[in-house]
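Q: Chains as they are written, first to last, in the working numbering: chain A, 1 to 176; chain B, 1001 to 1197.
Any given hint might turn out to be false.
Cβ-Cβ distance ranges computed for the label pairs, FRET-style [as the list claims (entries may be wrong)]:
1. B:Asn1194 x A:Ala44: 22 to 28 Å
2. B:Asn1123 x A:Lys54: 29 to 35 Å
3. B:Phe1170 x A:Cys15: 44 to 50 Å
4. B:Trp1125 x A:Val16: 45 to 51 Å
5. A:Thr151 x B:Pro1064: 57 to 63 Å
6. A:Glu41 x B:Val1171: 32 to 38 Å
7. B:Val1074 x A:Glu145: 50 to 56 Å
8. B:Val1171 x A:Thr151: 35 to 41 Å
9. A:Gln42 x B:Leu1162: 46 to 52 Å
10. B:Leu1185 x A:Lys54: 49 to 55 Å
11. A:Pro61 x B:Arg1068: 52 to 58 Å
12. B:Asn1123 x A:Gln38: 32 to 38 Å
Straight-line C-alpha distance at most 27 Å; calculated DSS-like pairs for lysine-lysine [to be verified]:
13. A:Lys169 x A:Lys77
14. B:Lys1088 x B:Lys1010
15. A:Lys54 x B:Lys1014
16. A:Lys105 x A:Lys2
17. A:Lys110 x B:Lys1066
18. B:Lys1088 x A:Lys32
19. B:Lys1002 x B:Lys1014
20. B:Lys1066 x A:Lys84
21. B:Lys1121 x A:Lys59
22. B:Lys1121 x A:Lys2
23. B:Lys1066 x B:Lys1002
Only some residues are given here: those of chain B computed to face chain A with a beta carbon under 10 Å [to be verified]:
24. Val1020
25. Leu1021
26. Ile1067
27. Val1093
28. Phe1172
Calculated directly from the structure, the hints in this document are not laboratory data.
Remember, predicted model here, so these are calculated numbers, not experimental data.
Beta carbons: idealized from backbone N, C-alpha and C, even for Gly.
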Amino acid sequence: MKDMARYGFILAVICVAAAGLLAAVNALTGPKIIAAAQAEEQAALKEVMPLAGKFMPVKSPADNTTLYYKAFDNQDKLIGFVFKASGKGYSSVIETLAGVFLDDKISAIKVISLNETPGLGMRVAENKFTGQFNQQDSLNLSGVEAITGATISSRAVIDSVIKKAQEIKEMVKNDK
Amino acid sequence: MKDLVKEFTKGIIKENPTFVLALGLCPTLAVSVSVINGIGMGAAATFVLLGSSVIISLVRNFIPGKIRIPCFIVIIATFVTITELCLKAYSPVLNRALGIYVPLIVVNCIVLGRAEAFACKNNLWRSFFDGLGMGVGFTLALILISAIREFLGSGQILGRTLIKGFEPVFVFGMPSGALLVIGLLLGFFNLLKNRRS
């Protein structure tokens, strides 16, 4: 019994010391992590919408999540939207960031998160595939060719972008 | 001093964690797709090994034998979390590439193995060099495996194409290819060892 109390006390001391150390590290790195995430987000937005100078998130009134971003040029004129589309690929959910102009033409897309087969599905993140989206009509994307051997991953990107583009178009229409 | 050098070098060749002790193969299989991932994972694991070895050897007389494992795990997990937070703050790109495998260093058997087999029985400096040597050995092994896999699997080293027109063998980019490479390397190093003795 006495031993048990002693063991418990020693474990508690170690845990308290560990927790204190972690709290200190967290306080140091926390703001940097948030800043890095924001900078990364802005850079990604800029990448799919190079013509825009400013992005404004549009929040869902229900749960305050970001639905899409409005992209403004340097004269504060609305030039398009940026949204995140996600679709089930071969072995993961593929997330794609897409920039669309007001006339439904795609500015550019960028695959931001995926875990597909290396050498096959992973290639949907490469420029050779994503570059095909530029200037395509976001509502049908008929000019985009799937990668040989990675049809499922390619279709996941194409279909998710089309679906989300339609949703956003509806939302924007209702907004007006 | 000579003693300390020996503790350091044994982790690299004679007791290499990957090729001789065959510890921590799970992250090795998963991460060794590209050289840069291998270096990142190796550096992260080295930091954790070093930190936990030093702390464990410092508190080794204070921890009763019966509860040493939970104590080791708390200490190791603390260092892993510090590593993860620092990676997230200073190198988000590497953090994304290593993904789930950084938090999984907690259960990497090299770290707990060295804590149990070495750090809890030896003094500060010996544990320090043991941890450092094991970390460097693990990193070198990861670099070797990932260089072979990156070259065969995607025809590149560090993202640069070496031979034009080389058709990559997809299987080496996948875990099954990693098993093949590790198995052949293990066999090769054993062959060398047997030849010498």
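Q: Determine for every hint whether it applies to the structure shown.
A: Each hint tested on the structure:
1. B:Asn1194 x A:Ala44: 22 to 28 Å: violated (53 Å)
2. B:Asn1123 x A:Lys54: 29 to 35 Å: Violated - the Cβ-Cβ distance for Asn1123 of chain B and Lys54 of chain A, about 59 Å, lies outside 29 to 35 Å.
3. B:Phe1170 x A:Cys15: 44 to 50 Å: holds (46 Å)
4. B:Trp1125 x A:Val16: 45 to 51 Å: Cβ of Trp1125 of chain B to Cβ of Val16 of chain A: about 27 Å, so the range 45 to 51 Å is violated.
5. A:Thr151 x B:Pro1064: 57 to 63 Å: This hint holds: roughly 59 Å between Cβ atoms.
6. A:Glu41 x B:Val1171: 32 to 38 Å: Holds - the Cβ-Cβ distance for Glu41 of chain A and Val1171 of chain B, about 36 Å, lies within 32 to 38 Å.
7. B:Val1074 x A:Glu145: 50 to 56 Å: holds (53 Å)
8. B:Val1171 x A:Thr151: 35 to 41 Å: For Thr151 of chain A against Val1171 of chain B, whose Cβ atoms are near 20 Å apart, the range 35 to 41 Å is violated.
9. A:Gln42 x B:Leu1162: 46 to 52 Å: violated (35 Å)
10. B:Leu1185 x A:Lys54: 49 to 55 Å: holds (53 Å)
11. A:Pro61 x B:Arg1068: 52 to 58 Å: Holds - the Cβ-Cβ distance for Pro61 of chain A and Arg1068 of chain B, about 54 Å, lies within 52 to 58 Å.
12. B:Asn1123 x A:Gln38: 32 to 38 Å: Violated, since Asn1123 of chain B and Gln38 of chain A (Cβ atoms, about 46 Å apart) do not stay within the stated range.
13. A:Lys169 x A:Lys77: Answer holds: Lys169 of chain A to Lys77 of chain A is near 18 Å, not above 27 Å.
14. B:Lys1088 x B:Lys1010: violated (32 Å)
15. A:Lys54 x B:Lys1014: violated (58 Å)
16. A:Lys105 x A:Lys2: violated (74 Å)
17. A:Lys110 x B:Lys1066: Violated, because 53 Å separates the two Cα atoms, which is more than 27 Å.
18. B:Lys1088 x A:Lys32: holds (8 Å)
19. B:Lys1002 x B:Lys1014: Holds, at roughly 16 Å.
20. B:Lys1066 x A:Lys84: Violated - the C-alpha atoms of Lys84 of chain A and Lys1066 of chain B are around 52 Å apart, more than 27 Å.
21. B:Lys1121 x A:Lys59: This hinted pair is violated, its Cα atoms lying about 57 Å apart.
22. B:Lys1121 x A:Lys2: The hint holds at about 26 Å.
23. B:Lys1066 x B:Lys1002: Violated, at about 34 Å.
24. Val1020: violated (28 Å)
25. Leu1021: violated (27 Å)
26. Ile1067: holds (5 Å)
27. Val1093: Constraint on Val1093 of chain B satisfied, holds at 9 Å.
28. Phe1172: holds (9 Å)
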